[in-house]
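The listed protein sequences derive, respectively, from chains H, D, A and S. Quick note: the first sequence uses this note's numbering, first residue -15, plus one each step. Quick note: the second sequence uses this note's numbering, first residue -15, plus one each step. Quick note: the third sequence uses this note's numbering, first residue -15, plus one each step. Quick note: the fourth sequence uses this note's numbering, first residue -15, plus one each step.
Careful: at least some of the hints might be erroneous.
Repeated chains share a single entry, so a pair holds when one copy, or any two copies, can fit it.
Once the Cα atoms are required to be at most 30 angstroms apart in a straight line, the calculated DSS-like pairs of lysine-lysine come out as [unchecked claim]:
no., residue 1, residue 2
1, LYS1, LYS36
2, LYS350, LYS36
3, LYS327, LYS209
4, LYS33, LYS1
5, LYS135, LYS160
6, LYS233, LYS180
7, LYS209, LYS349
8, LYS376, LYS349
Note that these hints are calculated values from the structure, not bench results.
One letter stands for each residue in the lines below.
Protein chains: 4
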Amino acid sequence: MLNRGQLVLNNFLHPIKVLFEQKSVPLKPWNDDQIEFLLQILSNMDTDKDDKAARVGEREARIASNLHLKTSAGFCHGIGRSGFLTAPQPKAPGGSILYEIANYLARDFLKKFGLPNINKAIVLPICTGMSLALTLAALKPDWNNDDLIHKRTVIIPQIDHNSILKSIEMVGARAKIVKGKIFGDAVRIPIEDIKKNVDDTCFAIISLTSFFPPRENDDIKEISKLAKEHELVHVVINAYGVQSPEWMKIIRSGIDAGRIDAVIQSTDKNLLTPVGGAIIASPYKETIKKISQTYAGRASASPVVNCLISMLSLGIEGYQELEEIQKKNRNILEQKLSKVALKYNERILEVFNPVAVAVTLKNLKKEQLSALGGALYNLRVTGPRVHDPSDKAFGTCSANYNTPYIVMNAAIGATKEDITVAVERFDKAYHQIMKK
Amino acid sequence: MLNRGQLVLNNFLHPIKVLFEQKSVPLKPWNDDQIEFLLQILSNMDTDKDDKAARVGEREARIASNLHLKTSAGFCHGIGRSGFLTAPQPKAPGGSILYEIANYLARDFLKKFGLPNINKAIVLPICTGMSLALTLAALKPDWNNDDLIHKRTVIIPQIDHNSILKSIEMVGARAKIVKGKIFGDAVRIPIEDIKKNVDDTCFAIISLTSFFPPRENDDIKEISKLAKEHELVHVVINAYGVQSPEWMKIIRSGIDAGRIDAVIQSTDKNLLTPVGGAIIASPYKETIKKISQTYAGRASASPVVNCLISMLSLGIEGYQELEEIQKKNRNILEQKLSKVALKYNERILEVFNPVAVAVTLKNLKKEQLSALGGALYNLRVTGPRVHDPSDKAFGTCSANYNTPYIVMNAAIGATKEDITVAVERFDKAYHQIMKK
Amino acid sequence: MLNRGQLVLNNFLHPIKVLFEQKSVPLKPWNDDQIEFLLQILSNMDTDKDDKAARVGEREARIASNLHLKTSAGFCHGIGRSGFLTAPQPKAPGGSILYEIANYLARDFLKKFGLPNINKAIVLPICTGMSLALTLAALKPDWNNDDLIHKRTVIIPQIDHNSILKSIEMVGARAKIVKGKIFGDAVRIPIEDIKKNVDDTCFAIISLTSFFPPRENDDIKEISKLAKEHELVHVVINAYGVQSPEWMKIIRSGIDAGRIDAVIQSTDKNLLTPVGGAIIASPYKETIKKISQTYAGRASASPVVNCLISMLSLGIEGYQELEEIQKKNRNILEQKLSKVALKYNERILEVFNPVAVAVTLKNLKKEQLSALGGALYNLRVTGPRVHDPSDKAFGTCSANYNTPYIVMNAAIGATKEDITVAVERFDKAYHQIMKK
Amino acid sequence: MLNRGQLVLNNFLHPIKVLFEQKSVPLKPWNDDQIEFLLQILSNMDTDKDDKAARVGEREARIASNLHLKTSAGFCHGIGRSGFLTAPQPKAPGGSILYEIANYLARDFLKKFGLPNINKAIVLPICTGMSLALTLAALKPDWNNDDLIHKRTVIIPQIDHNSILKSIEMVGARAKIVKGKIFGDAVRIPIEDIKKNVDDTCFAIISLTSFFPPRENDDIKEISKLAKEHELVHVVINAYGVQSPEWMKIIRSGIDAGRIDAVIQSTDKNLLTPVGGAIIASPYKETIKKISQTYAGRASASPVVNCLISMLSLGIEGYQELEEIQKKNRNILEQKLSKVALKYNERILEVFNPVAVAVTLKNLKKEQLSALGGALYNLRVTGPRVHDPSDKAFGTCSANYNTPYIVMNAAIGATKEDITVAVERFDKAYHQIMKK
């Protein structure tokens, strides 16, 4: 009988053994108990758990309440050492191992889900935008050198997103925006227009995959070639693009074709963690090291723990399943929206996007458009984007886009019910507004 | 009997009512159940908990595992909205209230513990160094304007700390370091030397309170006057200075005497949270708003939750008690170290520091010094700093400091036993090394 | 936005309000957070949470570790008062309410799942067997009265189950077993045989529903009539019978037709709680009161909390769904076992049982039978019952049963995979044993 | 650095290793994380955690909600096997080990705190009263044998406690109460009176230690001799007596001098667990085995887990410290009550009791006595016992006790503040009532 107990226990512990041997995302999902067990073992290796230690540093991961052990999963020392995130922290052997595993798994995860040609990844306890700032700061020219101070421009194919612009502003660089143009329903930034903007002041270029329609993803392959040719730092904003094999393929081709220094993706939007983390991947190990040395201090371990929790609790198979559901839901969303659109003499915007679908709202007047947003909020539909270009151009990524529209996403983790109910309520809201 | 139940329950809930009415740090500590109850109520106001919602955003705080609810205390939406940290997030009414309360309490806490002359504070989910970067980024000149591009220098009275230098580097500014000079045992940076370095390229100056001996705190009052006179942004690094009424008084006088834009302090070192958060306080509301608009995205709620947990679980009285113990421990540390020093013909460095005590190690040779560090590590003394200037000048804040020394801290949250045992082990280690 | 927060929060709290108004099992399942919230509110009404109380009793729910709050869900005072389980405990208003709700819900649950003709139910923190002991102790004649001392016999249609026999032994009564007879494959106890055994020494009779084949359920209706006629206490052991509408119907008819004093069912086997609780239901309120006054002290709240957790987390709809799955699984089990039986020239025993299926093992020899049990254990099939009457008659409920057999259950909560895999492994094990 | 991690981890795990080697209560307290770790390891050995198992039993520890894992500490299979509590349960290897350890530790605990002459102990998931029932049921004569049926009397030196009387009633025995007599302030039952009551119908005798004044503990040594002489089962009710070395000494002498079959003590009152468990100890291994075979089924693991949690979280040193505080508090209680008594012309009852102190209330009238109880309840004093013999004799253990009194306890786990505040409020309440 004891053998049976041992056998069941080994069965429970086995995945942990495999994890340390293979340093890769498990095929099968772990259950919560197994994940907690791993975290518990690791966090109990940190010196703040050592009841025989005498602590005379100014910072020793002392805590005011045991509740802190929950929010930090026991990793009270955070991660990093003196402004070098991936450097092992002698006071936190367990936390250091945690971080190393998380980074290994993040790399493995991205390799398996579309980017086999990256070499290193790092999980950051800051969002996508701040990660872009960190990346630019790490890779910018040495502006302490007066000969390089003019080299401060970052080229951006128009992206109407505040966070990205703030990132550039934060590191003291200048954004040079290449305006979006309208192609049918879609907004794109032609590679020729981008080329025309490259000059001697440029040191970097940004491109992106996932965004709201009508803006489509950039032609990353061509931008990548351009970056190589002009020796520009090239950062891909892949905010919630990991969920889509199509977007990932675009990046993969970009890496092969030219120069991509870093690909940045959110942990919450791709890996279903609480908000607050990002993964930066690169074909170059040295680049990741530089970025890791740019964070000015130690950081919270929670977002790193969250990323690890998600990778273990999903496993490769769990994520594949989520991707399949996402794909199906995206189709359902388009079908259902098409029907509603037809009913009101609207139509689906023809824009490539594996996550979102947009529908014209051309039959609604200005005040009806804002009424629609309010109505959906009251009907508890969260996340739809009603956009009225006559009200605010920012958001369409083009100065000349005239058609008002609504965007809905069938993002990873959403349920079929989310999609179905949201479209029904949209129908209802549109109907009510028209009747008034 | 039901009345009794109601009475006991009200007694339990009462502090929560008071918190919302007064928006100030409670006098008495809350127990963990009360804190969890508050967090639970608030996090259940966020829309990701709404089982009647239909979610069609790309980001909806979906989570892969319930373990995420622990590490985020249920605040899966994080904090902030589109690069504006303190803006209410419609998807997260509870998280927005949480953040507002945390910020109110942080302000109240700092006001009550030494800085009555601040007007606003913000809890940031990034460390002190990154908070400095954010502050400088928010307050720097508009470098998109070519007329201001030369104005990029930050003056620093020599601080041999990587994170601070990395912060300046990160935002694309230049550090101009005013060298430290030796006064007896102490290292100080004379105000005259600082004044000499101010020129037209400067836009900011940094000063600091808490640091390792032999570096003493800066003359913040005079720097503050200078900043006012030359219209320099003045940021005080008060890393772990909140615990000391003396350091806080120095900042208070600085605010009254001239210009201080922001005071930055760590949450973990001052408030006993896990590593990863900071509080920025300012006499100017507008300054805090600007900083809050500089973070390029949404951020993890965990460090904010941790700060709130600490303030509630300590209360005003709890923190006062911790301060008193810290003061006593600092005295004990000095007394005990004095005795050991005497024994080995060493002596206490005469440097003002309300937390740390340094002892000369002049009778140890180069290799003995590094042996001492190793011996203390093996004896499980964490956090002592053995410094050998002949090995590395960086750390003393002066090129000419010759005496090797060891620093130990009696920081807030440390126990008398920590202090006593650490000194005993130091004695033992010194003895062994001398005997070899 | 605050309204939205309030709305989401109300949505979260609404089921709790409904629970207190209706005191019935919710239609829809609650989520774990809602259940924990209810338990937290209630447990915080108990006086051990009152930090203004001065406690000078010998028993005040003081605890050595906060871990106790988990295992007791905060109800450290347990349930009951001085040997009266359902009496409100002044020190534990919250615990008293908890117990009242649990009992209301248990009654409602049984009424909705087959016993509309009961009037009262009580959740006991002891198992089915001990609950039978308690029931018999409560309803037995007054043996302090010498005129009644001969009235000590309990009639039992043969049930080869130790716990039941121990219950009778425990209360100082005598079991008079009416032997089982074979009818085709089934073992039954004819009502005529039972009648013959009733004499003046009898005060009670026991009947049962759920048991292992070949023993079928008793003819409860007839026993009930007999009990009424002879003024016998009649207790129905319905161990895991709640899951089956057919068994419940048999009891329902019994209540209507004659006398049933108490129906006893396990919480773990019917309601998927951890082992250790039972529900006793009765058409007579007074009977439940008597039983509740027989438990000699206060009791652990945990099994009561568990019963409540299960009822809330399943809800009416959740349990209905479980029942449907159970029914399907029972069919699958029979189909799959039939095929395997055919292969080895064995056959399904023709015995009425809505949960279990038995297959003959007539082609296996004595040592092969015991090898089969071992093989299944090693193949990690838990819960099958290989029975060899030549080895031990006890278990078949008849002295003359000759066919060896194996029993498998498709019980509530089991998955289709459990069933499928178990039958596959049985096939494999049988095959291997035959080959040797 | 990894070595350091290993070292800290080993330091954390070391006590678990020692526990399994020595099977004794640890000298030093464990922290909660260590206890949870042990419980987690053990509960993950149970087969309900085996994701490769196929479950076809009717009872497989399936659970409806993960909350059940908390309340059962993961031991969903409970304890025991077919009415034999200490028999290993093949489905629950971990739970079986848990129970074995708990029983070993309970024995060790009692041996170290006063009863070195016991040989075996068992932790029961039922209260003291039910444990007495179980013990009497296990040790009673075979009443199925008509020659023994007259042997049904249990002698009790008068104990006015419902639970004990109910226990005897439950097992079908008869209580023969030997009346208490008054000696000064105390109520005692003279051994001569007891002897006179022994006759041929008696099979057992009960004695007790801890009770409310004015009833003193029994002369257990003499009763023990009597039991030996007359071959009576002798059970000692030591409800909350473990905390007092004096009471434990009395039992110890009893075991040495004659016959004591079982000593029963509450886990909550002695070991600060939630209500619901008891420990039965015996000098005879066989007796414990018999009792363990009398529980008619499997039982909840929670009270067993609680007992283990308390023993580990206190350790030998922790309990010694609690005992010292208890002793001091008992003195403080007496001193403070003396002063108040003097003020109102009342006096301390001269009754031996190491936990409780009683004060006369002779100057209060009938209605004032009941007002006093109400006033103390409203002043949030829990646990005092105001007794008015003219109202109800039951409770004084003597028909002739005339003085009204109040009892307060300085029980283990109570704080000095409890005592001080309770006496102050008593003073206040007495004062108010006199004034009216």
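Please list, smallest to largest, the hint numbers that this structure does not respect. 3 and 7
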